[in-house]
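Peer 1: Line by line, the protein sequences give chains A and B. Residues in the first sequence are numbered from 1 upward in steps of one, following our numbering. Residues in the second sequence are numbered from 1001 upward in steps of one, following our numbering.
What the hints contain is simulated information worked out from the structure, not anything from laboratory work. Please read these numbers as outputs of a predicted model, since none were measured by experiment. Please note that a few of the clues may not be correct.
Simulated pairs of lysine-lysine, DSSO-like, Cα-Cα distance not exceeding 30 Å [to be verified]:
| no. | chain 1 | residue 1 | chain 2 | residue 2 |
| --- | --- | --- | --- | --- |
| 1 | A | Lys114 | B | Lys1181 |
| 2 | A | Lys224 | A | Lys115 |
| 3 | A | Lys171 | A | Lys154 |
| 4 | B | Lys1181 | A | Lys105 |
| 5 | A | Lys115 | B | Lys1181 |
| 6 | A | Lys171 | B | Lys1181 |
| 7 | A | Lys50 | B | Lys1096 |
| 8 | A | Lys46 | B | Lys1096 |
| 9 | B | Lys1181 | A | Lys176 |
| 10 | A | Lys115 | A | Lys148 |
| 11 | A | Lys148 | A | Lys214 |
| 12 | A | Lys148 | B | Lys1273 |
| 13 | B | Lys1273 | A | Lys176 |
| 14 | B | Lys1273 | A | Lys154 |
| 15 | B | Lys1181 | A | Lys148 |
| 16 | A | Lys224 | A | Lys154 |
| 17 | A | Lys114 | B | Lys1096 |
| 18 | A | Lys167 | B | Lys1181 |
| 19 | A | Lys154 | B | Lys1181 |
| 20 | A | Lys171 | B | Lys1273 |
| 21 | B | Lys1273 | A | Lys167 |
Stretch by stretch, here's where chain A covers chain B in the computed footprint (C-beta under 8 Å, at least three residues) [what the hints assert, rightly or not]:
| no. | stretch |
| --- | --- |
| 22 | 1169-1177 |
| 23 | 1182-1192 |
Looking from chain A toward chain B, a few residues come up when the C-beta cut is under 8 Å (computed) [stated by the list, open to error]:
| no. | residue |
| --- | --- |
| 24 | Lys114 |
| 25 | Thr124 |
| 26 | Leu126 |
| 27 | Tyr136 |
| 28 | Ile140 |
| 29 | His141 |
| 30 | Val193 |
Built from N, CA and C at the ideal position, the CB exists for glycine as well.
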Amino acid sequence: MEINLKRYQDTMETDPVNVRSGPVSLTKLSYPLLRVVDLNVTIQHKHILKNINLQIPEKSITCIIGPSGCGKTTLLRSLNRLHDDNADITISGSVMVDNEDIYGKNVEVTHIRKKMGLLAQRPTVLPMSIFENVAYGPRIHGTRNRRKLYVIVKNQLEAVGLWEEVKDRLKTPAIKLSIGQQQRLCLARGLAVHPEIILGDEATSALDPIATTKIEQLFLTLRKEYSIVLVTHTLRQARRIADYVAFMYMGELIEFGSANDIFSNPQHQLTKDYISGSFS
Amino acid sequence: MRKLEEQIMKIVMLMASGIIIFILGFILWKIISKGLPSLNWDMVSKTPSGGFYLGKEGGILNAIMGSLMLIFCSVVISIFLSLPVALYINFILNRKSFASGVIRFAFDIMFGIPSIVYGAFGFMIMVFLGLQASLLGGIIAVSLLIMPIMVRSIDEVAGQVPRDLLEAPLSLGATRFEMVKIAARQITPGITTAILLSVGRGIGDAATVMLTAGFTDSIPTSLLQPAATLPLAIFFQLSSPVEEVQNRAYSAALILTIIILILSFSTRYVSRKISKSKI
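Whole structure, please, built from the sequences with the hints as guidance.
Peer 2: Below, the structure is given as structure tokens:
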């Protein structure tokens, strides 16, 4: 680790141009829905995220990889303004969603969060029935009609492949489902409010291989309609599903590019080392 | 060596549990053996007639009803005051923030205040308002007594709610209030326990009601009338020189224990029903 760090510092001195994360071959991409501009985050005066600039390509899967403590999760949570309630955290820079700065002055946070579904590390089913879990989002945003809710619930549960498994017991508490089913339920719950972006914070790390495969397959289907940003700890997962990869190290975005480029031809020495597994 | 250590630990734990169970059993045996013979239907269905405390007939229905009314109103009042406090210091304020700490500390102090002080305080308020000893005064004092218990025990379970669960509704675009509702739902079993604890404490406390609710031989028909309570009924009967009356004190204690048991089981049953269907 120390050696790598040294090498990293060396490259910093000799080759500062490559460290910055300028748009890498983004010309062929469609207009980015989600854009991070000069984002800096400090937690209790510790600089966690340093000048992050990132454009998340639309309708594809972007994986954020990097060693533990490099700021992946912090970055993901800033996209959803989940740092709002923590007084220790200061944020500067901007995150643009639909060309609107979510850290802007007159932005309503509920409106921002509605555009993004979040999938946490462990499934977080709400203390209510399966049906109510999916109906919760539409309900708080004003859908009261039971028939409409039923249609939404059915569609979303079908979308995550859970409908056949639970259609006879929609009224049972969601906590009774297996952990993989719970995670798919959480995904359905997030989809029910029609987000444009799906954020996943190591969404499969608590699941067994079969459940993981199911979730990954879902992501691959969902990317036709949603922009998906996943923080992942397993490189193999990124290899399996990522269209684009962002590599972070010590709070900086080292490299961003298509999965092909990053995995077969990384530009940066650090990325090379991380991908080949010489540190993790 | 390590095996010996384990053996010793096992024995210590067993002994500690044994002592506690023995003490509990001893108290129960004492209450039952002394109280059961003088427990009859009159005890729970009649108010005291003249000379009851000298061994004449009658019952302690006045105290049973007084205690139940008192504890019911106090629990309702203090749940409405303490649930918002507990939710506020956990979910609106940061749980570890300075302000939460101050509020928590204040309730810790309230927790430690002896019940007679609440009685005296309630008495002072009553004098200030120009009330005489009354059910209302008792309710105020007992509410004050059980509020810190509720706040602190709800606070304990609220601290167990994982951050992820709170962020789930938020990330769906819920407001803070909607998030708090989810949290409250999650800790329903904890809230039930808090109610149970405070019922147990409030219904059995003599010192608070002595100065505030007073004592009477009839069932109160309004909030401004004095009310008898079971702990005081036990106290007065025990201090009687007549042995028969003393034994009645034990049956009053038995009734109090049974009431607490019934309340405890039924609350637990109801909360399990709720959590089965909703959570």
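Peer 1: Give a verdict on every hint.
Peer 2: Now for the hints, and whether the structure bears them out:
1. Restraint check for A:Lys114 and B:Lys1181: the C-alpha separation of about 18 Å stays at or below 30 Å, so the hint holds.
2. Proximity of A:Lys224 to A:Lys115 is assessed by CA-CA distance (about 16 Å); at most 30 Å being required, the pair is judged to hold.
3. Straight-line distance between C-alpha atoms of A:Lys171 and A:Lys154 comes to about 13 Å, which keeps the hinted pair within the 30 Å bound.
4. As the CA atoms of B:Lys1181 and A:Lys105 are separated by approximately 27 Å, the hinted pair is consistent with the 30 Å bound.
5. Distance restraint check for A:Lys115 and B:Lys1181: the Cα-Cα separation of roughly 22 Å lies within the 30 Å cut-off, and the hinted pair is therefore satisfied.
6. Note on A:Lys171 and B:Lys1181: the hinted pairing holds, with a Cα-Cα distance of about 20 Å set against a maximum of 30 Å.
7. At most 30 Å may separate the alpha-carbon atoms for a hinted pair to count; A:Lys50 and B:Lys1096 meet this at roughly 27 Å.
8. This hinted pair checks out: A:Lys46 and B:Lys1096 have alpha carbons roughly 20 Å apart, not beyond 30 Å.
9. With a C-alpha separation of about 21 Å, the suggested pair B:Lys1181 and A:Lys176 falls inside the 30 Å cut-off, and the hint holds.
10. Restraint check for A:Lys115 and A:Lys148: satisfied, since their Cα atoms lie roughly 20 Å apart, inside the 30 Å limit.
11. For the hint linking A:Lys148 to A:Lys214, the alpha-carbon distance of about 28 Å falls within 30 Å, and the restraint holds.
12. The hinted pair formed by A:Lys148 and B:Lys1273 meets the criterion: a straight-line CA distance of about 29 Å does not exceed 30 Å.
13. Simply put, B:Lys1273 and A:Lys176 have alpha-carbon atoms about 15 Å apart, close enough for the 30 Å limit, and the pair holds.
14. Proximity of B:Lys1273 to A:Lys154 is assessed by CA-CA distance (about 27 Å); at most 30 Å being required, the pair is judged to hold.
15. With a C-alpha separation of about 23 Å, the suggested pair B:Lys1181 and A:Lys148 falls inside the 30 Å cut-off, and the hint holds.
16. Distance restraint check for A:Lys224 and A:Lys154: the Cα-Cα separation of roughly 20 Å lies within the 30 Å cut-off, and the hinted pair is therefore satisfied.
17. For the given pair, A:Lys114 sits about 28 Å from B:Lys1096 by alpha-carbon distance, which is consistent with the 30 Å threshold.
18. Pair hint A:Lys167 plus B:Lys1181 holds up; C-alpha atoms about 27 Å apart against a cutoff of 30 Å.
19. For a cut-off of 30 Å, the pair hint linking A:Lys154 to B:Lys1181 stands: about 25 Å separates their Cα positions.
20. For the given pair, A:Lys171 sits about 14 Å from B:Lys1273 by alpha-carbon distance, which is consistent with the 30 Å threshold.
21. Distance restraint check for B:Lys1273 and A:Lys167: the Cα-Cα separation of roughly 23 Å lies within the 30 Å cut-off, and the hinted pair is therefore satisfied.
22. Counting residues of the stretch 1169-1177 of chain B whose CB falls under 8 Å from any CB of chain A gives 7; the rule of at least 3 is met.
23. Judged by the Cβ-Cβ criterion of 8 Å, the stretch 1182-1192 of chain B is covered by chain A as claimed, because 4 of its residues qualify and three suffice.
24. Given the 8 Å rule on beta carbons, the hint for A:Lys114 holds: about 3 Å separates it from the nearest Cβ of chain B.
25. Below 8 Å, beta-carbon pairs count as interface contacts, and A:Thr124 has one with chain B at about 4 Å; its hint therefore holds.
26. A least Cβ separation of about 6 Å between A:Leu126 and chain B falls short of the 8 Å threshold, and the interface hint therefore holds.
27. Taking 8 Å as the C-beta contact cut-off toward chain B, the hint placing A:Tyr136 at the interface holds, the least distance being around 7 Å.
28. Taken as an interface hint, A:Ile140 checks out: its beta carbon lies about 5 Å from the nearest beta carbon of chain B, inside 8 Å.
29. At its closest, the beta carbon of A:His141 sits 6 Å from a beta carbon of chain B; the interface hint therefore holds under the 8 Å criterion.
30. Annotation: interface hint on A:Val193 holds; nearest CB of chain B at approximately 6 Å, less than 8 Å.
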